[in-house]
Amino acid sequence: MSLRWRRLGGEQTKVALLALLPSFIVFCVFTVYPLFYSLYMSFFNVHLIASTRRFVGWANYVTLLNNPTFKKAIMNTVHYTIGVVPIGISLSLVVAVLLNNRLRLEGFFRSAFFAPVVTSMVAVSLVWTWMLEPNYGLLNSLLTRIGITGPGWLTDPSWAMTSVIIVSIWKNLGYNMVIFLAGLQDIPSEVYESAQIDGASSVQSFFRMTLPMMKPTIGFASIMSIMSSMKVFSQIYTMTGGGPANSTMVIVYYLYQQAFEFYRAGYASAVAWILFVIIMVFTVIQMRFFKTDY
Amino acid sequence: MTKDKTERGYIVRKKVLLLTLMFVLVFAIGSVATAQVTIDYWHYLSGDNSQIHEAKVAEFNRLHPDIHVEVLYTGNQFATRDKLMVAVAGGQPPHVALMDQFWPPMMVATGAMVPLKDFVDTDEYFEDFTSISLDTVTIDGEQWTMPFSMSNQILFYNKDMFREVGLDPEKPPATWDELVEYGKLLTRDVDGDGQIDEWGVNFTTRANIGAVYGFITFLWQAGGEIYNEDFTATAFNDEAAVEAVNFWIDLAHNHKILTLSPPQEGFEVGRIAMQYSSTSGIARTAEKVDFDFGVAPLPAHKEMVTGVGGSSMGIFRTTPEKEAAAWTFVEWMANEENNLEWSMATGYTPLRKSVLASDEYNQYLEENPFIQTVIKQAQYARARPNVVSYADVSRVLGIAVEEALFANVHPQQTLDNAVVEANGFIF
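Going line by line, the protein sequences match chains L and H. To convert, note that position 245 of the first sequence is 245 in the working numbering; the numbers rise steadily by one, no gaps. Count along the second sequence starting at 1, add 1000, and that's the number in the working numbering.
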């Protein structure tokens, strides 16, 4: 018997396994089982309420990939991700670098930028819905003062997605900022000191030193941001309901609509698996790009 | 040693036995004292209506010592529907639930509900109910839920704004053409900053908050139908349907008298002149506004129609004892006395002919001219089709109309696609 197997049989291991068992059971029942069950369901025509079930093979996937609304949802999700991730990451990096200096009220600023992260998305959405209100909202009344007629932020199909993107960037800025702050503090100060002696300007040291040394951290933050952007839901649910005219229909909202408004569990499961594949592909590409293993 | 052990064991067993007996006795007495059937009841009413309704439930409990109704507010209509569906799918429905008019067909299809004929001779029992109130609860010729409240769509208008632009405040628009004509006069830039700040007309245009309920009335007014005659396919892509969608598009994009970004509570603050609303909102609005408030029948087109909304109470299959208690409860809620009281307290249209004919109700009508308009209009009221696919079909239609309206695209293509998608929900 190999060492490993003998260890498994050891008294301590048994206790450890026993201690792990409850959480493992919960994990299996509520995560692993539903995961595979949804894959199984995606090959059936399941109506949640009428409890009818018919095997349809790949039909759900075929219908789905030909559905104009789903195509639009994929495009909108990509649009959202492109809008949120690069700007969000750059802004949080800038804020992190600024806050990494010894500033007065440093603690205050850090908490202020982090506050939206710990606020519930639903509360944030409701407050922003009011600020973006076209007739009496804060944003449009400020714009009117400087002579600009603000759009119907959430009611104009060409502006709704932009509005959601703005709110999401504001909400998540602090999260990435904290990750970047941690990354920045890992960079030894000697490196900067020697660069300074060699005559590097602060802009040079940011681009030549900070950025390369932050690469793994930026990579991690981008992957996490892309994954969460692909799964965007709460702000859409509370602010736009996927509208107007499907302009903010994203993949997860489409999934929700199919599963809980139309009760098509099989079809919605197929949506979930396609989303899984998309996220998987993106993550693999990114891991290659940042050449780090997590 | 062994003897000792057995003896101790004997004593222990005796003690256990005694304790058990005591417990059994205590519980037996307990259950005698509460020989009462408890039933769970879910509803989604909010504000004043909720208070009035829950007070009635409390009154029921006082009058029926053998039944206890545990009332629970389960969130707004959308949240309640989701909870109810999940509860039914999980086999744990409440005993009674208040349901929006279009939920029962799907609930009935699940087999979770008890038809009212199990409790009463429905032909005889429902003789006193108006035919429109029965239309809302009849599925394939059988009554499955108890009508509870009934409203109609109606037009609210601001008489002060009518006067300001020289319109006769006692002559609200009677047709689509008049609606446009008046709306153009009423849509104004009041403060002269080059931006419109008062709009002629408003109604819900967003699909996710139920715009389709309003749209279907426009569809019917244009002579269109949601389904074909035998409900085997949808039919909302014919000329009439396109005309209805085009009318919405015209109001918003050509005449520009309907804004797609309406101010919150625009009618109440005097920035919307004519608001499509529900008869259930009359009392609340009349109380809130400080201008001369008017209520009118919906402007007609080819047909004169108004939509029927409201709710009914459904009984879910549990045990005969609970079901019987549930029936006692829903029957009491819709009895003559309580229907009269509820109608007068809320402005909902009475369900019973006897209530409509009663002296109290007619006196109430005299004191409330708005409600007279409601009752006059009620003869044109039409209930939405009670078929299983309605919830899905109407959702597809709502999304399509929103898309055509907001994107300002030709509706024919959008409706054609929606018809194909909606037909997929008809089995």
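Just so you know, the hints here were simulated from the structure itself, not pulled from any lab data. Hints may contain errors.
Stretch by stretch, here's where chain L covers chain H in the computed footprint (C-beta under 8 Å, at least three residues) [what the hints assert, rightly or not]: (1) 1179-1187; (2) 1251-1265; (3) 1316-1322.
In the SDA-like style, the derived pairs of lysine to any residue whose C-alpha atoms are separated by at most 20 Å in a straight line are [as the list claims (entries may be wrong)]: (4) L:72 x H:1419; (5) L:72 x H:1297; (6) H:1083 x L:256; (7) H:1083 x L:261; (8) L:215 x L:261; (9) H:1159 x H:1297; (10) H:1083 x L:238; (11) L:71 x H:1409; (12) H:1256 x L:279; (13) L:71 x H:1159; (14) L:71 x H:1413; (15) H:1083 x L:215.
Every residue, glycine too, gets a C-beta built ideally from N, C-alpha and C.
Right, here's what the structure says about each hint:
1. 1179-1187: violated (count 0)
2. 1251-1265: holds (count 5)
3. 1316-1322: Contact hint for the segment 1316-1322 of chain H vs chain L: violated, 0 residues under 8 Å.
4. L:72 x H:1419: holds (19 Å)
5. L:72 x H:1297: Cα-Cα ~40 Å, so violated.
6. H:1083 x L:256: holds (14 Å)
7. H:1083 x L:261: holds (12 Å)
8. L:215 x L:261: Status violated; Cα separation ~43 Å.
9. H:1159 x H:1297: Satisfied, since the Cα-Cα distance of roughly 15 Å is no more than 20 Å.
10. H:1083 x L:238: holds (18 Å)
11. L:71 x H:1409: holds (19 Å)
12. H:1256 x L:279: Distance of about 43 Å is beyond 20 Å: violated.
13. L:71 x H:1159: violated (48 Å)
14. L:71 x H:1413: holds (17 Å)
15. H:1083 x L:215: Violated. Residue 1083 (chain H) to residue 215 (chain L) sits at ~46 Å, over the 20 Å cutoff.
Violation of the numbered hints given earlier is confined to hints 1, 3, 5, 8, 12, 13, 15; the remaining hints are satisfied by the structure.
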